[in-house]
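Read in order, the letters of the sequence shown correspond to residues 1 to 73 in the UniProt record's numbering.
Simulated from the structure, these hints should not be mistaken for lab results. By construction, the Cβ of each residue, glycine as well, lies at the ideal position given by its N, Cα and C atoms. No false leads were slipped in.
Quick list of simulated restraints, FRET-style, between CB atoms:
hint: 1; residue 1: 53; residue 2: 14; range: 58 to 64 Å
hint: 2; residue 1: 29; residue 2: 49; range: 32 to 38 Å
hint: 3; residue 1: 21; residue 2: 52; range: 43 to 49 Å
hint: 4; residue 1: 9; residue 2: 45; range: 52 to 58 Å
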Amino acid sequence: MIIELIFSTFFLTILTFFLIGIIWIFWTITRSQKEIAKEYLKILEEQEPLRKRIQRTKDCEFSDKPSCNIDDP
Numbered sequence: 001m002i003i004e005l006i007f008s009t010f011f012l013t014i015l016t017f018f019l020i021g022i023i024w025i026f027w028t029i030t031r032s033q034k035e036i037a038k039e040y041l042k043i044l045e046e047q048e049p050l051r052k053r054i055q056r057t058k059d060c061e062f063s064d065k066p067s068c069n070i071d072d073p
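With these hints in hand, go ahead and build the complete structure from the sequences.
Right, dumping it as structure tokens:
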């Protein structure tokens, strides 16, 4: 009876720590993915003017319109 109680307590303790570990791992992965996504969005926002300029260059490649002055920012 006492041995069964000791083993069941030991088993529940191990199971509890195992579950806490799994929850912590998933929480850490989720948190790091959110931080990576924030950094990625920040980089995309910084590159937006360059992307617009490249698109305008492609659109005006064979055009002689005055609005296609590539030297303008």
